[in-house]
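Fit chain L with the ligands to the given chain C structure using the hints.
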Amino acid sequence: MKVFRRVKQNLQWVLINVTGLSIAVACSLIILLYILQQTSYDRFHSKADYIYRITLESNQGASSIHPARVYGDLRQMVTDYPVIERMVRLVPFRNAIVKIGDQKFYSRNAFLTDSSFFKVFDFKVISGNSKKAFSQPGQVFISRTLAIKYFGTLDVIGKEISILHQQDPNFKVFTIDGVMEDFPANSHFHADLLSSFTSEDDLTTWSYTYFLIKKGTDINALRGTLQQKMESENKSGNPAPVIYLQKLTDIHLFSHKSREIENNGEIRSIVLLVSGTIIIIFIALINFFNLSRVQFISRLKSIKVKLINGASRGILAGEIALESLLLSVLSISVGLVIAISLSRHLGISIFDPDRIVLVFLVVLGFIFTIALLSVLPLFTSKIVNDIKVTSRQENLYTYPLLIQFTLAVTAIAATIVLNRQMDYINRQHPASQNANMMVIPDNPWESIQRYEVFKNELLNSTLITAVTAAMEDPGSDILDAVDFEMEGIEKKEGQSINIFTTDSNFFSSLGIHPLAGTTELGFTPSQKWESDAVELSQLRENKSSDKQKLAELEKRVGGYREKYILNQSALKMLGIYNPGKAIGKRFRINFFLPDLFPEGEIVGVVPDFHYTNLHSEEKPLAIAPRKMFNYCFLISIDPKQRGKAIAKIASAWQKINPEFPLQYEFITDTYRKVYAGEYAQTRVLSLFALISIILSALGIFAMAAFSMQHRIKEIGIRKVNGAKVFEILALINKDFIKWIAIAFVIATPVAYFAMRKWLQNFAYKTELSWWIFAVAGLIALGIALLTVSWQSWKAATRNPVEALRYE
Amino acid sequence: MISLRHIYKYYDSKFQRTFVLKDIDLEIHEGEFFTIMGPSGAGKSTLLNIIGMLDEPSEGEYFFLDQHVTKLSEKKKVEFHRNYVGFIFQAFHLIDELTVYENIETPLIYKGMKVSVRKSVVADMLDRFNMVAKKDLFPAQLSGGQQQLVAIARAIAGKPKLLLADEPTGNLHSDQGKQIMELLKSLNKEGITIIQVTHNEEFAKYGSRIIRLADGLISEDSGIATAEKKTNKTK
Ligand SMILES: Nc1ncnc2c1ncn2[C@@H]1O[C@H](COP(=O)(O)OP(=O)(O)OP(=O)(O)O)[C@@H](O)[C@H]1O
Ligand SMILES: [Mg+2]
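Taken in sequence, the protein lines are chains C and L. At position 453 of the first sequence the residue is numbered 450 (our numbering), and the sequence of numbers has no breaks. Whatever position you read off the second sequence (first residue = 1), add 1 for our numbering.
Here chain C stands alone, though its shape is the one from the complex (with noise of 0.2 Å):
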């Protein structure tokens, strides 16, 4: 009775309270699991431990690549060295279309793999025969999802599945032999599909490949052996590459490969999530510490009252303890409260019996460290075993002030520099504001061919400006080195460059303009010409008798010089510093298929442009105009006819790729897309700085509020004597000044310290200039002021009798 009576007279303090330690436990919490989470992946694999995935990195200087998935078949490995006991392979069909029935959808989860994948990966089966599985040619296994979707049932064992993986012609089928449980979110992949492998050139090409290797292997020296075999066998005149051997449960956290099967979690992002909750923690204990410090100088009165009437220090602190309990547990619901409706959204429950102990016991620590923060004044400070009643708080807006300020000022530096980053890299994409271009992305190989139809198609219309395409979509990576050739250039040892197709309108498109030479090319090949030559590097590959039709085919295709544009870091990789020594060189790349990249020379050198992502360097690329490998078509509409021109596309594509179905983004999207990681973390962090913010202001507006109630007198009696509204306002704030002026100072070093850290990640970052630490600071001090300044002029303005008739 006497608790609630309490909290009643004092509601603004307890709402306070309430308001910090909530968000402080809700914080700890989602953080807490966020983290059980991000630290479990693969982990339910039983024999994760002992589960690799073998990656190879290309020894090739400035073109250097490490993808996640390797390239060959590894299948000897397994028989040469017994450790290694099975191998699972997983190759992806790219985007996938998949048929069922009449209804035709794309899929990046659809995978040919090994028998061995279920005697190595833990995933449920729901029906069908595990240890069977992939044994025969033509096999899948669906998931449970696509199986309800696609055909409304499980039962859907013996029926047809066609799929078309991206580069193949044509569609093929499958009979669903099993139907596996959706993998679980802590997976690093996802399959919906799984189909054995129907033919020897599957084993041939990219795969993400995995071990499972003997207990008790030294996997180091596992490493050291694969590599010197590698090493030994290296015939390609090139650096022999550098083999890897990580650990599943590493990829989720650690691997941040190219080509990875989907996007990975990163340790950073905990790191900063981390830290954001401290300080939010740190915040709310400090208003906390700070109020029930108030909150003791106030019954102060009642507490040496009490002691006088025989109560010891014991059951004064039980008495306050108690009261700390009540409050503890209004924070700690609603905090719950916030917790499990932000667990819904992030798919991770509260109440898992593997989690729910330490739920409990952050719950308890809380409850225990309030209690303590609590009592504490009552055995630290001196009550003076005299019944006057003084109360003297000068010192109360010092350390717990000053460390909560540092902290504010940290985060929101932290937020500024977050936030310019990502507008900066964002920036540097080109066309990354362009509203009005449309990205249709990684297309099926048959629509590639057909892309000149659509492309005219389209231009018949006012409603499109502009249609462009490249091998690679928007903010992806760009892989393949061919070796090359150029006049007047000593290559090194094997040294290659980066390939990147384009149309020949690409750079114009997206308003990127040379540095020397044009980007204006003029005639180029059509795809007739491309496919011509294709067949002639074929015929002679092959040694043809066919005179003829090679004497045709090189009347077509011979006579065209092929037009290179080169990028800045291919001058710089070459060494030419300036961009119009380059102009007019004699260059070409050496294909597999020389015919279709003829000799030719350097017409133009663009800077890096940055159409690829931005976490490692630009590569030094090799521009030729080509169609073939286009996978992805960008398109600019009429700005005022969105709808319209986004309905004469599909009509479009409707028309010339039937069977495909049309698949589309903004290219503003396609790059956040790239960045929905450091996305997420800006968006975190921007909310913790907020979040911490508004603690921080309401800790001050208490403390000032107080602090007002308790120099109400000597207000009244500065008025009475004389003193200006202003004068009182300066001589209150001024105490707050200095206190953030301090914090200031202590912060900015430990911001900007943070801050280059996390920068590091980045090929290309925005600088840390100084303003964004003395805006932070300012607007720490503003929003101190604002609540400092709320409280004073209330008590400035007051009538100085009523005031002094107060006491």
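These are calculated hints, taken from the structure and not from any lab test.
Negatives, chain C to chain L, calculated, CB over 12 Å: (1) Gly149; (2) Leu323; (3) Arg447; (4) Ser528.
Listed next, with one range per pair, are the computed distances between beta-carbon atoms: (5) L:Asp137 - C:Asn730: 38 to 44 Å; (6) C:Ile353 - L:Asn172: 54 to 60 Å; (7) L:Lys160 - C:Ile743: 55 to 61 Å; (8) C:Lys710 - L:Glu203: 31 to 37 Å; (9) L:Lys160 - C:Ile312: 17 to 23 Å.
Since the model is a prediction, treat every value here as computed from it, not as a measurement. Backbone N, C-alpha and C define an ideal beta-carbon position, used for all residues, glycine too.
Showing chain L with the ligands alone in chain C's frame:
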């Protein structure tokens, strides 16, 4: 009951030691109504606080009910507060957040009394002081005299043997003061030992013995004086 021997109290500041009490020797017996008088700053409150075990002497020995107080543990002192000593102050010192009823109840809770017993004791007190109608009010809603009545009720609710009153009438006008003094007198008759500090000569006379403090020294002790008078008379 109370025996003070060579009690000194001083405060050390940077440059000097200020004596508040100097060599106080005092013997107070059970059942006495004892008054301490003297000018402001003489050390009256300090002395009372030492007797009430709220403060400690800098030097000297203090025996309470034959216990050596200076050597008593914190726990034991709390025990004494609970069972033997009640306090009344000039500023009443009621707990603002608690009602009249709860204020009176406070010491009983710390004594570990059962709820039912507590209820009857508090009811008894309210009845005795005519405060039944006011039991749910807060201190701020009472007049000064009423607040002091509550403070007294609280002080004696635990049936202390010793009641310490530091200027109990200081904040009251004379009618209310008189009423309080009458009350103290009747409590004394019931057997409670009372030690009061007052500036009021008239109220001082309610006591059976008066000492005067000046500059930390006992300048006059009516106990000794009356004893002398008595011996004089018999002579
Ligand atoms: N903590 C302290 N430090 C220094 N001096 C103190 C302290 N507490 C009390 N004194 C001094 O002790 C002296 C006695 O104080 P005390 O409160 O006992 O006086 P008093 O006789 O009760 O006066 P009054 O009639 O005004 O209540 C005063 O001069 C006071 O300044
Ligand atoms: Mg006094």
